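Peer 1: Given chain A, put chains B and C in place with the hints provided.
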Amino acid sequence: MSAAVAAERDELLATDELSAYYGDRKAVGDVSIAFTRKAVTALIGPSGCGKTTFLRCLNRIHEVGFDARVEGRVLLDGQDIYAGAVDPMAIRRRIGMVFQRPNPFPTLSILDNTLVCAARGLNRRQRFDCAERALRAAALWDEVKDKLRSSPLRLSGGQQQRLCIARAVAAEPEVLLMDEPTASLDPIATAVIEELMARLADEFTIVAVTHNMQQAARVSDVTAFMLADEAGVGRLVEVDDTARLFTKPGDHRTEDYITGRFG
Amino acid sequence: MTVAALGQRRLRRRRVYGSLGTALALLCALLAAGALLAILGYVIVQGAGAINWSFLTALPHPVGVPGGGVGNGILGTVIIIAIATAMAVPIGLLTGIYLALFGRGVIPEALRFLSDVLSGVPSIAIGLFAYAVLVAPLKHFSAVSASFAFMMLMLPLLVRTSEQAIRSVPQTVREGALALGMSNLRATVGIVLPTARPAIITALLLAIARVTGETAPLLFTAFGSQFWETNPNNPMAVLALQVFTYAISPYPNWQAQAWGGALLLIVAVLVLSLGARLMLRRAMQGLES
Amino acid sequence: MVQPRFRRVARFVSPADRGFAAVVYGGSILFALLIIGLFIELVLGSWPSIAAFGPSFIWKSSWDPITSNFGALPMIYGTVVTSLIAIVLAAVIGIMAAVFLADFAPRWLSAPLSFLIELLAAVPSVVYGLWGLFVLAPFVRTAIGPAVQKVLGWTPLFSGPVYGVGLLTAGIILALMIVPTVTAISRDVVAAISRDLREASMALGATKWETATRVVLPAARVGIFGSCVLGLGRALGETIAVTMVIGNRPEISASLFAPSYTLASVIANEFTEATTSIYISALIELGLILFVVSIVVNALARLMIWSVRGST
Numbered sequence: 000m001s002a003a004v005a006a007e008r009d010e011l012l013a014t015d016e017l018s019a020y021y022g023d024r025k026a027v028g029d030v031s032i033a034f035t036r037k038a039v040t041a042l043i044g045p046s047g048c049g050k051t052t053f054l055r056c057l058n059r060i061h062e063v064g065f066d067a068r069v070e071g072r073v074l075l076d077g078q079d080i081y082a083g084a085v086d087p088m089a090i091r092r093r094i095g096m097v098f099q100r101p102n103p104f105p106t107l108s109i110l111d112n113t114l115v116c117a118a119r120g121l122n123r124r125q126r127f128d129c130a131e132r133a134l135r136a137a138a139l140w141d142e143v144k145d146k147l148r149s150s151p152l153r154l155s156g157g158q159q160q161r162l163c164i165a166r167a168v169a170a171e172p173e174v175l176l177m178d179e180p181t182a183s184l185d186p187i188a189t190a191v192i193e194e195l196m197a198r199l200a201d202e203f204t205i206v207a208v209t210h211n212m213q214q215a216a217r218v219s220d221v222t223a224f225m226l227a228d229e230a231g232v233g234r235l236v237e238v239d240d241t242a243r244l245f246t247k248p249g250d251h252r253t254e255d256y257i258t259g260r261f262g
Numbered sequence: 000m001t002v003a004a005l006g007q008r009r010l011r012r013r014r015v016y017g018s019l020g021t022a023l024a025l026l027c028a029l030l031a032a033g034a035l036l037a038i039l040g041y042v043i044v045q046g047a048g049a050i051n052w053s054f055l056t057a058l059p060h061p062v063g064v065p066g067g068g069v070g071n072g073i074l075g076t077v078i079i080i081a082i083a084t085a086m087a088v089p090i091g092l093l094t095g096i097y098l099a100l101f102g103r104g105v106i107p108e109a110l111r112f113l114s115d116v117l118s119g120v121p122s123i124a125i126g127l128f129a130y131a132v133l134v135a136p137l138k139h140f141s142a143v144s145a146s147f148a149f150m151m152l153m154l155p156l157l158v159r160t161s162e163q164a165i166r167s168v169p170q171t172v173r174e175g176a177l178a179l180g181m182s183n184l185r186a187t188v189g190i191v192l193p194t195a196r197p198a199i200i201t202a203l204l205l206a207i208a209r210v211t212g213e214t215a216p217l218l219f220t221a222f223g224s225q226f227w228e229t230n231p232n233n234p235m236a237v238l239a240l241q242v243f244t245y246a247i248s249p250y251p252n253w254q255a256q257a258w259g260g261a262l263l264l265i266v267a268v269l270v271l272s273l274g275a276r277l278m279l280r281r282a283m284q285g286l287e288s
Numbered sequence: 000m001v002q003p004r005f006r007r008v009a010r011f012v013s014p015a016d017r018g019f020a021a022v023v024y025g026g027s028i029l030f031a032l033l034i035i036g037l038f039i040e041l042v043l044g045s046w047p048s049i050a051a052f053g054p055s056f057i058w059k060s061s062w063d064p065i066t067s068n069f070g071a072l073p074m075i076y077g078t079v080v081t082s083l084i085a086i087v088l089a090a091v092i093g094i095m096a097a098v099f100l101a102d103f104a105p106r107w108l109s110a111p112l113s114f115l116i117e118l119l120a121a122v123p124s125v126v127y128g129l130w131g132l133f134v135l136a137p138f139v140r141t142a143i144g145p146a147v148q149k150v151l152g153w154t155p156l157f158s159g160p161v162y163g164v165g166l167l168t169a170g171i172i173l174a175l176m177i178v179p180t181v182t183a184i185s186r187d188v189v190a191a192i193s194r195d196l197r198e199a200s201m202a203l204g205a206t207k208w209e210t211a212t213r214v215v216l217p218a219a220r221v222g223i224f225g226s227c228v229l230g231l232g233r234a235l236g237e238t239i240a241v242t243m244v245i246g247n248r249p250e251i252s253a254s255l256f257a258p259s260y261t262l263a264s265v266i267a268n269e270f271t272e273a274t275t276s277i278y279i280s281a282l283i284e285l286g287l288i289l290f291v292v293s294i295v296v297n298a299l300a301r302l303m304i305w306s307v308r309g310s311t
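The listed protein sequences correspond, in order, to chains A, B and C. In this text, residue positions in the first sequence follow numbering that gives the first Met the number 0: the first is 0, and each later residue adds one. In this text, residue positions in the second sequence follow numbering that gives the first Met the number 0: the first is 0, and each later residue adds one. In this text, residue positions in the third sequence follow numbering that gives the first Met the number 0: the first is 0, and each later residue adds one.
Just so you know, these hints were derived from the structure itself, not from any lab. The model shown is predicted, which means the values in this text are computed figures rather than measured ones. Each hint should be verified, as a subset may be incorrect.
Computed, partial: chain C to chain B, Cβ under 10 Å [said to hold, decoys possible]:
1. Gly26
2. Phe30
3. Phe103
4. Ala104
5. Thr271
Pair by pair, the computed Cβ-Cβ distance ranges are [what the hints assert, rightly or not]:
6. Leu29(B) with Glu198(C): 25 to 33 Å
7. Leu269(B) with Thr154(C): 36 to 44 Å
8. Gly53(C) with His60(B): 33 to 41 Å
9. Val77(B) with Thr141(C): 52 to 60 Å
10. Ala142(C) with His139(B): 45 to 53 Å
11. Trp107(C) with Arg124(A): 54 to 62 Å
12. Glu108(B) with Asp79(A): 31 to 39 Å
13. Met283(B) with Leu108(C): 36 to 44 Å
14. Gly53(C) with Leu273(B): 49 to 57 Å
15. Leu29(B) with Pro155(C): 31 to 39 Å
16. Phe127(A) with Met283(B): 31 to 39 Å
Over 10 Å on every C-beta distance to chain A, these chain B residues come out as not near it, computed from the model [what the hints assert, rightly or not]:
17. Val62
18. Ile106
19. Leu137
20. Gln163
21. Gly175
22. Met181
23. Gln225
24. Trp253
Cβ atoms here follow ideal geometry from the backbone N, Cα and C, with glycine treated the same way.
Looking at chain A on its own, in the form it has when it is part of the complex (with noise of 0.2 Å):
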């Protein structure tokens, strides 16, 4: 994508240079990319190509794990998430995460996973509205609205994942990360997330990694492809409209890999 095209687009997130480390390993490298606000973008590529571990970059999950470094910038309206001052706790609230795999918080209620990190000083009436509001978001409210006090283990791994979407929805986050979220899921539960996807993208930025292209074909405007180099570290290949990067991809390693694929 050209910085002609960049600039007319409205960018909320943007990477400059980004490199990612577990210990000395290399896993992510220098990957500049910007993200259209309210549309979805897939990132696309083979396992090992460092697509997750950009996306957990991107709200300074990455960090948390052991030995893990993050180089280079991301702007989140401009200003950059790993300057000095910034806490990270705040920029998570203002960018979502959804894992591979469903995480209800075990010991909570259904009601209160939804509700864990959503705005403070609510009344009951007001809690119980904002529950619903995201519940209905996530597209699970007419499912577990009778049964909002029980545990969320009882539900299956689909509701589970839209239990996770709405309490991330909750948050009123302005990014939503979607990190493989139907890699867990049956094609039934599937088709439900790639549906609520695409109405989620109305309100939210979202960035979602998947490893399967014709998902990304299906629910995405943006598709960015990786791939590891040489040495394992992943590189962005190429960033384009969806619709182009499958039909004609500029890159002829993007072109061997949907065509690998496909088909």
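Peer 2: Chains B and C in isolation, oriented as in the chain A frame:
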């Protein structure tokens, strides 16, 4: 005699040895389990006769006066263990959290080593420590010094189990909490600890079971008392100590009461151990689902 | 898929987290200080005795509160002898039981038997002592003692009057108390020996018993030895039950039927009655000896058990 016949005989002999060995092994297992049943049976037979309402609720009577009970000892046991728990749980939990969150490096390894050392220290030596810290300087025996000794006895188990329990909470759960913008404080106290709670409660029950029958450090900390003592700053009666004192006394009435007290102790300890096992089963199920 | 566990260093940035980290550090430091303090207090408390008697405290055999002349040898002797009796008995019974539970017993039998044996570990020391005093000691006096003396009475080991209480009775009680430790850990170690090894042995035509004794046990020997040393550590420091059945006499006698004393039981018996400060200090020094010995023994045991479990 043919070679085949010789082989047959050797095989038969080896089979006989095998059966004898297996029988011997079975015998040893039964002996160990049987010892428990023998002790348990004897304590029940001897102790059941001594237990009645006044035994559970009355004060000890002076020598020569029939009757009397261990009510103050039961109360003292509860008070001392309650104070010990209140002291041991925060220290044990905090150290467990530290070991789980900062698990590598020299200092955590040193702490784990110290914890293992402490778990092997005889309770009588810990009693001497409690005496040196809380009895000698104040110049009087006290229940709180006994609680201090019990706390030391409970700590190793609490530290290691809470570390393991916290570690066994899937990393995804903790990351999920942090990714929502929670502080480490909230993620640990609000999300991770409640998930690890059944395992931690199991450890606590086992630790309490361990000190319930502990007697040695009480000799020069709680010391014992003839009264309804509730002030932890004073010497206090403890059930295990009463069992010891009565057992080595020359009076049949007291000896009978020792059996009664022993039965109470065994029941309490077994109930706690079984409770811990049930709790553990629940903890395993919770993590699997 | 194996869930990743905690192996992370968390960063503590916000004020709430700084406070949290401080409290966590504080608790851990307190824990460390308590253990270090335990050692320091024992050294300080025994200092007058160490200064007065020097190293000869360990090999002097007089224990005389009236002349304030103290030596620990009788207690060390009693402790070593009772613990040895205990560990020999417990090792034989415990290892055999462990082999049975791990290799021979059907599941319906091994689960409840293991459970019973582990409950044995939960029975309080004072209850063992009570049982030892009123059941085992009379049994030793009236049955075991005379029977053994009829055959082996000519050896110094079993000579002299049989009081019931004494080294042998204390050793047996200790054995009962440490059998669960030996059994439980040995069973785990034996069970951890790989199936391949057993199957290889069976395939060569060995019987189950031969496999257990010639293949499995040798392979598990380090861990089993570790479990015995751990049991030994328990026996060395055990106090109340021993105090009740050992007879409490600071003498060295060759006979296993003779009353004796252990390091722990002399502290239990005399500490509250000790009047002079040198007497108290000598008792604390016994505690210090016990402390150091138990640390060495436990460290040894854990090293052995780790070396096996770590590699399997």
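Peer 1: Each hint: holds or not?
Peer 2: Going down the list of hints, with the structure as the test:
{"no.": "1", "hint": "Gly26", "result": "holds (3 Å)"}
{"no.": "2", "hint": "Phe30", "result": "holds (4 Å)"}
{"no.": "3", "hint": "Phe103", "result": "holds (5 Å)"}
{"no.": "4", "hint": "Ala104", "result": "holds (7 Å)"}
{"no.": "5", "hint": "Thr271", "result": "holds (5 Å)"}
{"no.": "6", "hint": "Leu29(B) with Glu198(C): 25 to 33 Å", "result": "holds (28 Å)"}
{"no.": "7", "hint": "Leu269(B) with Thr154(C): 36 to 44 Å", "result": "holds (42 Å)"}
{"no.": "8", "hint": "Gly53(C) with His60(B): 33 to 41 Å", "result": "violated (49 Å)"}
{"no.": "9", "hint": "Val77(B) with Thr141(C): 52 to 60 Å", "result": "violated (40 Å)"}
{"no.": "10", "hint": "Ala142(C) with His139(B): 45 to 53 Å", "result": "holds (46 Å)"}
{"no.": "11", "hint": "Trp107(C) with Arg124(A): 54 to 62 Å", "result": "holds (57 Å)"}
{"no.": "12", "hint": "Glu108(B) with Asp79(A): 31 to 39 Å", "result": "holds (37 Å)"}
{"no.": "13", "hint": "Met283(B) with Leu108(C): 36 to 44 Å", "result": "violated (23 Å)"}
{"no.": "14", "hint": "Gly53(C) with Leu273(B): 49 to 57 Å", "result": "holds (51 Å)"}
{"no.": "15", "hint": "Leu29(B) with Pro155(C): 31 to 39 Å", "result": "holds (34 Å)"}
{"no.": "16", "hint": "Phe127(A) with Met283(B): 31 to 39 Å", "result": "holds (35 Å)"}
{"no.": "17", "hint": "Val62", "result": "holds (55 Å)"}
{"no.": "18", "hint": "Ile106", "result": "holds (15 Å)"}
{"no.": "19", "hint": "Leu137", "result": "holds (43 Å)"}
{"no.": "20", "hint": "Gln163", "result": "holds (17 Å)"}
{"no.": "21", "hint": "Gly175", "result": "violated (4 Å)"}
{"no.": "22", "hint": "Met181", "result": "violated (7 Å)"}
{"no.": "23", "hint": "Gln225", "result": "holds (47 Å)"}
{"no.": "24", "hint": "Trp253", "result": "holds (49 Å)"}
Violation of the numbered hints given earlier is confined to hints 8, 9, 13, 21, 22; the remaining hints are satisfied by the structure.
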